[in-house]
Amino acid sequence: MLERLLEILSEVRPDLDFENETRLIDDDLLDSFDIISIVSECNDVFDVEISVDDLEPENFNSAEAIAALIERLQED
Amino acid sequence: MTFVSVPFLILLLAADLLYYLFPLRHRWLVLLAASLVFYAVNSGLLTLVLVATAALVYAGGRMIHARLFSYKTLLEQEPSLTKEEKKSARDRSKKQAKQVLTLFVLVILGILLFLKYSNFFAGTAVSLFTGGKGVYSPMKLLLPLGISFYTLQAISYLVDISRGKADPEKDPLRLLLYLCFFPQIVQGPIPRYRDLGPQLAEGHPFDPDGFCRGLQLILWGFMKKLIIADRIATPVSAIFSAPENYSGVMAFLGAAFYGIQVYADFSGGMDIALGAAQTFGITLTPNFTQPYFSTSVEDFWRRWHITLGAWMKDYVFYPLSLSKAFGSLSQKARKLVGPSLGKKLPSILAMFIVYFLVGIWHGPQWTYILYGIWNGIFIVGGLLLPDLYEKGRRLFRIDEDSASWRVFRMIRTFWIISVGRFFSRAKDTATAFAMIGSMFHNWYDLSPLSNGALLGLGLEGPDWIVLAVAVLVLLYTDNLHEKGVKIRESISRQPLIFRWLIYYIAILLVLIFGIYGPGYVSGNFIYEQF
Chain B
1 MLERLLEILS EVRPDLDFEN ETRLIDDDLL DSFDIISIVS ECNDVFDVEI SVDDLEPENF
61 NSAEAIAALI ERLQED
Chain X
1001 MTFVSVPFLI LLLAADLLYY LFPLRHRWLV LLAASLVFYA VNSGLLTLVL VATAALVYAG
1061 GRMIHARLFS YKTLLEQEPS LTKEEKKSAR DRSKKQAKQV LTLFVLVILG ILLFLKYSNF
1121 FAGTAVSLFT GGKGVYSPMK LLLPLGISFY TLQAISYLVD ISRGKADPEK DPLRLLLYLC
1181 FFPQIVQGPI PRYRDLGPQL AEGHPFDPDG FCRGLQLILW GFMKKLIIAD RIATPVSAIF
1241 SAPENYSGVM AFLGAAFYGI QVYADFSGGM DIALGAAQTF GITLTPNFTQ PYFSTSVEDF
1301 WRRWHITLGA WMKDYVFYPL SLSKAFGSLS QKARKLVGPS LGKKLPSILA MFIVYFLVGI
1361 WHGPQWTYIL YGIWNGIFIV GGLLLPDLYE KGRRLFRIDE DSASWRVFRM IRTFWIISVG
1421 RFFSRAKDTA TAFAMIGSMF HNWYDLSPLS NGALLGLGLE GPDWIVLAVA VLVLLYTDNL
1481 HEKGVKIRES ISRQPLIFRW LIYYIAILLV LIFGIYGPGY VSGNFIYEQF
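Chains as they are written, first to last, in the working numbering: chain B, 1 to 76; chain X, 1001 to 1530.
No lab work stands behind these hints, which were simulated from the structure alone.
There could be a bad hint or two in this list.
Sample of chain X residues at the chain B side, in silico, Cβ under 10 Å [claimed, not checked]:
no., residue
1, G1164
2, K1165
3, Q1290
4, R1302
5, D1314
6, P1319
7, S1323
8, S1330
9, M1351
10, F1352
Not the full set, but computed from the structure, chain X residues with beta-carbon under 8 Å of chain B [to be verified]:
no., residue
11, L1322
12, S1347
13, H1481
Note that beta-carbon positions come from the ideal geometry of N, C-alpha and C, so glycine has one too.
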């Protein structure tokens, strides 16, 4: 899943190194438009419902964190 | 009692003294007493509106929390439930919590809408239904101090509880303090409960360095307000009160000067607020990070009135963009306008709504609404046209990292933001459009800058020099901040004599060059009226 997620992330922001970046939100690398694009794409592709309640910096600071959020929602 | 008054300084220092004399765990009571005194002096009986709102918010917070976790009782009573049944119980609780949240938000927002906006809506409706012939006599409604600010704080508190991101406050008086903490009630910043609440509740031991830095920041705020904002207010008023007399570069200067005035006024007020809070050991969220160094309108709004932007993002932009209604709209739009634009549509719509709200939040006037929409157009433009920008850059072989390109973008952003200021300052929309039109008349003629026309704006030569030097100092310090230099910490590291010399000079500068005198009352802060 991580690979597919990395593809989605790179489509939204080709200029960022999602494999190594761990402060995507804390360092303001992603803006609110990027977040919405990522969330709606992930909702479609992974068939989950990332809601506004999940929009916490710790859930979006790295690709791993986003993957963990998706896995958590898939298990629910 | 405004920030720039002796009574405010007396209240602050008396509160500081009592704060540090009280036992640690009771220190918050001093803050509450000082805040209520400040509020009652400014708003009189309207303090009751604040107290009633606080009571509502308190009750709302506890009820939402109780609903949100009501499923736990069921789980305890029936531990054998399946995973699906547990999930469904949790979802039900969540839904109930949202219903209670909606009710309370509507009531709290209703108070603001009634007091601040009912005349505007009624006047607009009368004008619409009578074809502009009907006359609406507005009701006389007084606004409680800071209602536009504490209403947003109240909503964020309740929504955060419903999202499970915060626990409700147990003590109603502490919640009241969160809503009316006196350094921040007049014009923000707009704090979140989880950031400010615990800081207010815990008593802070006296820290001489922090206390001193707080006072430094207050002094810096006074300098911005009294030396720059209240001085530049004179030419701004001259231009905006007789706009028909000014065109070309002079009309543009009206808006640009107003931009400087608002920045010095609002960020000066913020420095006083942050500094006052810091004397109690409390850190408020900064509201500005050198906005005039922005390279795009989007960047500007990340640096200007940060806490309002952050509030709008968390409580309007994200919920709207991710709502089911916007989602299905996006699905339909993908078929009509193609997948690329269709995907962006929810964000674009939500962003327009945000900037409409940012505009109308400033006040119930069409000028403010247009001010919001003007900014929204450029933000959305930035979202829709990145490919076009990229092609333009390649066509003109622009090196994106070059200093000249950066300076060009800063000037361009300043120009766009300044033109938007015509809407926020002109007396009505027709005047704003007329001024924007006249700005293009002989725009290339820069002779008014040197032919003495500036001296006809109500300021004498020496005042212009003081103003120019002060604005350059402000620009210089902003540039240092932009480079990450911590000025107050550097001053603190200086030898004692040098430090005191700086303080004396700063105080003398405010006393000598501040705009005031016998019988002079410093202009109210612009953001107090919002």
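Hints versus structure:
no.	hint	in the structure
1	G1164	7 Å, holds
2	K1165	7 Å, holds
3	Q1290	14 Å, violated
4	R1302	7 Å, holds
5	D1314	8 Å, holds
6	P1319	5 Å, holds
7	S1323	8 Å, holds
8	S1330	7 Å, holds
9	M1351	8 Å, holds
10	F1352	13 Å, violated
11	L1322	5 Å, holds
12	S1347	5 Å, holds
13	H1481	16 Å, violated
Of the numbered hints listed earlier, those contradicted by the structure are 3, 10 and 13.
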